[in-house]
Amino acid sequence: MILFRAIVIAVLFIAPLAAHAEVRIDITRGSIEPLPVAVTEFHGSNDQERQTGRDVSGVISADLERSGLFKPIDKGAFLQTIESLQIQPQFGSWRKINAQALINGNVRVQPDGRLKVEFRLWDVFAEAQMTGLAYFTRPENWRRVAHIIADAIYKRITGEDGYFDTRVVYVAESGPHKRRVKRLAIMDQDGANLRYLTDGSALVLTPRFSPTAQEITYLSFFNNRPRVYIFNIETGRQELLGTFKGMTFAPRFTPDGNSVLMSHAKDGNSDIFIMDLRTRKARQLTTHSAIDTSPSGSPDGKQVVFNSDRGGSPQLYVMAGDGSNIRRISFGRGRYATPVWSPRGDLIAFTKQTRGRFYIGVMRPDGSGERLLTESFLDEAPTWAPNGRTLMFFRQQPIDRKGRGGRTRLYSIDLTGYNMREVVTPSDASDPAWSSLMP
Amino acid sequence: MRFKFLSLLAALLLVSACATEPEESAKSSGKGASASAPSSSAPAAAAPAVGPGAGTKEDFVVNVGDRVFFDFDKSDIKTDAVSTLNKQATWLERYSRVTITIQGHCDERGTREYNLALGNRRAAAVKDYLVSRGIAANRIEIISYGKERPAVLGSNEWAWAQNRRGVTVIRGGTSS
Chain Y
0 MILFRAIVIA VLFIAPLAAH AEVRIDITRG SIEPLPVAVT EFHGSNDQER
50 QTGRDVSGVI SADLERSGLF KPIDKGAFLQ TIESLQIQPQ FGSWRKINAQ
100 ALINGNVRVQ PDGRLKVEFR LWDVFAEAQM TGLAYFTRPE NWRRVAHIIA
150 DAIYKRITGE DGYFDTRVVY VAESGPHKRR VKRLAIMDQD GANLRYLTDG
200 SALVLTPRFS PTAQEITYLS FFNNRPRVYI FNIETGRQEL LGTFKGMTFA
250 PRFTPDGNSV LMSHAKDGNS DIFIMDLRTR KARQLTTHSA IDTSPSGSPD
300 GKQVVFNSDR GGSPQLYVMA GDGSNIRRIS FGRGRYATPV WSPRGDLIAF
350 TKQTRGRFYI GVMRPDGSGE RLLTESFLDE APTWAPNGRT LMFFRQQPID
400 RKGRGGRTRL YSIDLTGYNM REVVTPSDAS DPAWSSLMP
Chain A
0 MRFKFLSLLA ALLLVSACAT EPEESAKSSG KGASASAPSS SAPAAAAPAV
50 GPGAGTKEDF VVNVGDRVFF DFDKSDIKTD AVSTLNKQAT WLERYSRVTI
100 TIQGHCDERG TREYNLALGN RRAAAVKDYL VSRGIAANRI EIISYGKERP
150 AVLGSNEWAW AQNRRGVTVI RGGTSS
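Same order as they appear, the protein sequences are chains Y and A. The numbers in numbering that gives the first Met the number 0 rise by one with no breaks, and the one at position 143 of the first sequence is 142. The numbers in numbering that gives the first Met the number 0 rise by one with no breaks, and the one at position 38 of the second sequence is 37.
Heads up, some of the hints might be wrong.
Derived lysine-lysine pairs resembling DSBU-like cross-links, with alpha carbons at most 30 Å apart [unchecked claim]:
id: 1; chain 1: Y; residue 1: Lys265; chain 2: Y; residue 2: Lys301
id: 2; chain 1: Y; residue 1: Lys280; chain 2: Y; residue 2: Lys244
id: 3; chain 1: Y; residue 1: Lys244; chain 2: A; residue 2: Lys77
id: 4; chain 1: Y; residue 1: Lys244; chain 2: Y; residue 2: Lys177
id: 5; chain 1: Y; residue 1: Lys70; chain 2: Y; residue 2: Lys154
id: 6; chain 1: A; residue 1: Lys73; chain 2: Y; residue 2: Lys244
id: 7; chain 1: Y; residue 1: Lys115; chain 2: Y; residue 2: Lys154
id: 8; chain 1: A; residue 1: Lys86; chain 2: A; residue 2: Lys56
id: 9; chain 1: Y; residue 1: Lys154; chain 2: Y; residue 2: Lys177
id: 10; chain 1: A; residue 1: Lys73; chain 2: A; residue 2: Lys56
id: 11; chain 1: Y; residue 1: Lys177; chain 2: A; residue 2: Lys77
id: 12; chain 1: A; residue 1: Lys73; chain 2: A; residue 2: Lys86
id: 13; chain 1: A; residue 1: Lys56; chain 2: Y; residue 2: Lys265
id: 14; chain 1: Y; residue 1: Lys401; chain 2: A; residue 2: Lys56
id: 15; chain 1: A; residue 1: Lys73; chain 2: Y; residue 2: Lys401
id: 16; chain 1: Y; residue 1: Lys265; chain 2: Y; residue 2: Lys177
id: 17; chain 1: A; residue 1: Lys56; chain 2: Y; residue 2: Lys177
id: 18; chain 1: Y; residue 1: Lys115; chain 2: Y; residue 2: Lys70
id: 19; chain 1: Y; residue 1: Lys154; chain 2: Y; residue 2: Lys244
id: 20; chain 1: Y; residue 1: Lys70; chain 2: Y; residue 2: Lys95
id: 21; chain 1: A; residue 1: Lys77; chain 2: A; residue 2: Lys56
id: 22; chain 1: Y; residue 1: Lys301; chain 2: Y; residue 2: Lys280
id: 23; chain 1: Y; residue 1: Lys177; chain 2: Y; residue 2: Lys95
id: 24; chain 1: Y; residue 1: Lys154; chain 2: Y; residue 2: Lys74
id: 25; chain 1: Y; residue 1: Lys244; chain 2: Y; residue 2: Lys265
id: 26; chain 1: A; residue 1: Lys86; chain 2: Y; residue 2: Lys70
id: 27; chain 1: Y; residue 1: Lys401; chain 2: Y; residue 2: Lys177
id: 28; chain 1: A; residue 1: Lys77; chain 2: Y; residue 2: Lys265
id: 29; chain 1: Y; residue 1: Lys280; chain 2: Y; residue 2: Lys265
id: 30; chain 1: A; residue 1: Lys86; chain 2: Y; residue 2: Lys177
id: 31; chain 1: Y; residue 1: Lys265; chain 2: A; residue 2: Lys73
id: 32; chain 1: A; residue 1: Lys56; chain 2: Y; residue 2: Lys244
id: 33; chain 1: Y; residue 1: Lys74; chain 2: Y; residue 2: Lys115
id: 34; chain 1: Y; residue 1: Lys154; chain 2: A; residue 2: Lys73
Not close to chain Y: a few residues of chain A, all C-beta gaps over 10 Å, as computed [what the hints assert, rightly or not]:
id: 35; residue: Glu57
id: 36; residue: Val61
id: 37; residue: Val97
id: 38; residue: Tyr113
id: 39; residue: Arg132
id: 40; residue: Thr173
Honestly, the hints are just simulated from the structure, not real lab data. Each residue gets a CB set at the ideal place from its N, CA and C atoms; glycine is no exception.
Please build the complete structure, drawing on both the sequences and the hints.
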């Protein structure tokens with residue numbers, strides 16, 4: 000069943016740019032003091048509206064807090080009531096509690112049953128509205144509206160696109176380590192609306208979203224034949240990709256969504272192929288006797304970064320989209336793997352292994368400017384937020400001889416190397432993939 | 000106040016119930032597989048008076064040895080693996096209807112996708128050796144599990160050495 004929901008947006012007021020310096024966060028800086036922000040409960044005129052108003056405000060506040068860029072002020076400190084805010088902010092009372100930005104809004108049930116959710120973002124010191132929008136939607140869609148509002152606030156204050164109206168697909172792990180049960184799981188970026196897409200009867204690994212976030216490509220050991228599949232989220236349909244003899248693995252959509260890059264292993268040799276999803280024709284991009292795997296396309300579609308041990312140890316290589324002009328880009332000490340091109344095109348994230356430790360790092364596409372962001376016993380599999388400013392990965396703790404330990408969870412960290420947080424999941428979790436902003 | 004209206008469509012993505020997939024059929028190792036002695040890939044077999052019936056899966060695991068081990072990030076057949084594989088080849092020659100699957104496995108000290116490729120290379124190395132000893136290639140399938148199915152638990156060198164392995168699993172054609 001396919002259901003479409005319209006979220007209609009109305010711009011409440013386009014504020015002229017204030018003449019003086021307005022509230023702004025430069026997210027390219029490393030350690031920054033989070034911006035104190037007052038996120039008030041959205042006004043309602045009956046119980047349902049008030050409840051939704053509280054819920055929406057809670058989700059916005061949690062999104063902004065998790066970004067590490069904002070510090071929501073305790074609601075107990077607020078001096079102005081929600082009712083009086085409906086008329087006009089008393090900026091002096093917000094300055095008293097050191098709020099630099101103020102967010103208010105209201106929720107109204109429309110005659111047709113839809114919700115109208117309206118918000119305004121105020122610059123407290125300039126005493127000016129920075130943005131204001133209204134959204135019309137079905138009541139069950141309130142969470143998405145809250146994320147969309149948080150994205151609008153993030154964008155207005157940082158100048159960058161947000162990443163709150165997004166989802167994460169990952170592998171949910173359970174059972175003993177020798178016979179791990181792995182299921183595809185999908186959730187909102189904040190952990191809400193978790194659902195399992197497969198039942199665990201077949202081992203599944205490395206899910207990745209299509210650019211529209213409607214499909215997932217992944218590896219399944221269905222019938223003991225490890226092959227790349229495509230899962231359609233709307234229909235629940237799973238489809239084998241291609242008719243390869245031998246294992247296909249390490250799939251990833253190209254950024255235009257028209258093809259899937261993947262590895263094919265034949266007689267012990269793994270090479271990279273690209274399959275056109277319209278013609279279903281596969282083309283071989285690498286022909287080396289070494290391992291070639293983990294391909295990831297550049298956003299402009301012109302290049303592919305991949306992992307190969309052709310130089311004697313696993314390193315990162317870049318080639319043109321047709322497989323020509325292969326050159327090595329990683330030259331640091333250690334082993335490099337799982338390269339992923341940033342959606343902005345400016346960086347490649349990777350897993351690095353050296354001296355018994357694992358790291359998540361980034362480098363420029365020419366291999367320069369390597370920077371390591373995390374370190375542990377086992378960090379692996381970075382995935383980018385759609386704005387290219389935050390990464391998610393998984394971290395596994397060591398296991399002892401009795402099988403204790405081995406906790407495996409998802410974490411996010413900013414490109415600056417700050418603001419590392421666990422992405423809370425109800426069970427062990429690995430192989431995260433971050434979606435683009437939802438269409 | 001002026002209102003400017005925009006609209007955008009949001010697809011509500013509904014996911015149907017989990018698709019059903021059959022249980023994995025292959026066990027990751029024979030039940031008699033020994034993982035207690037790091038270096039003994041070939042258990043001493045002095046023709047026990049009471050033991051597994053000749054030509055059975057148990058016979059293969061106990062009296063021949065179903066696995067060989069690899070060095071870190073390597074897939075070449077080590078000298079101490081040769082005697083095990085020679086015995087496997089002899090046994091497979093005698094029981095010529097038996098078909099096998101060779102599993103390639105890795106330790107946890109590598110990334111998932113690279114290890115899938117490495118496990119495939121290890122399984123192929125075992126297959127190539129058995130074929131070089133006269134076993135028909137069409138009796139042999141290979142599968143890589145990467146680091147997904149460790150034989151031994153523990154984040155230590157000894158466990159990792161046990162997990163970097165190629166395991167020969169009887170698929171069919173035994174008398175029992």
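Does A:Lys77 sit within 30 Å of Y:Lys177, going by the straight-line distance between their CA atoms? It holds: about 25 Å lies between the C-alpha atoms, which stays within 30 Å.
Taking only the CA atoms, is the gap from A:Lys77 to Y:Lys265 under or equal to 30 Å? holds, 22 Å
Is Y:Lys154 close enough to Y:Lys74, meaning Cα to Cα at most 30 Å? The hint holds at about 24 Å.
Hint check: A:Lys73 vs Y:Lys244, CA-CA at most 30 Å. Holds or violated? holds, 24 Å
Taken at face value, is the distance from the CA of Y:Lys265 to the CA of Y:Lys244 at most 30 Å? holds, 7 Å
Satisfaction of hint between Y:Lys177 and A:Lys56, Cα-Cα up to 30 Å: holds, 21 Å
Hinted pair, alpha-carbon criterion (30 Å max): Y:Lys265, Y:Lys301. Please report holds or violated. Satisfied, since the Cα-Cα distance of roughly 27 Å is no more than 30 Å.
When you check the alpha-carbon spacing of Y:Lys280 and Y:Lys244, does it fall within 30 Å? holds, 15 Å
Given the hint that Y:Lys280 pairs with Y:Lys265, does the C-alpha gap stay at or below 30 Å? holds, 18 Å
Straight-line Cα separation of A:Lys73 and A:Lys56 no greater than 30 Å? holds, 28 Å
Was A:Glu57 rightly flagged as not at the interface, with every chain Y Cβ beyond 10 Å? holds, 20 Å
Would the non-interface assignment of A:Val61 survive a Cβ cutoff of 10 Å against chain Y? holds, 21 Å
Hints 9, 19, 23, 26, 34, 38, counting from the list given before, are not met by this structure.
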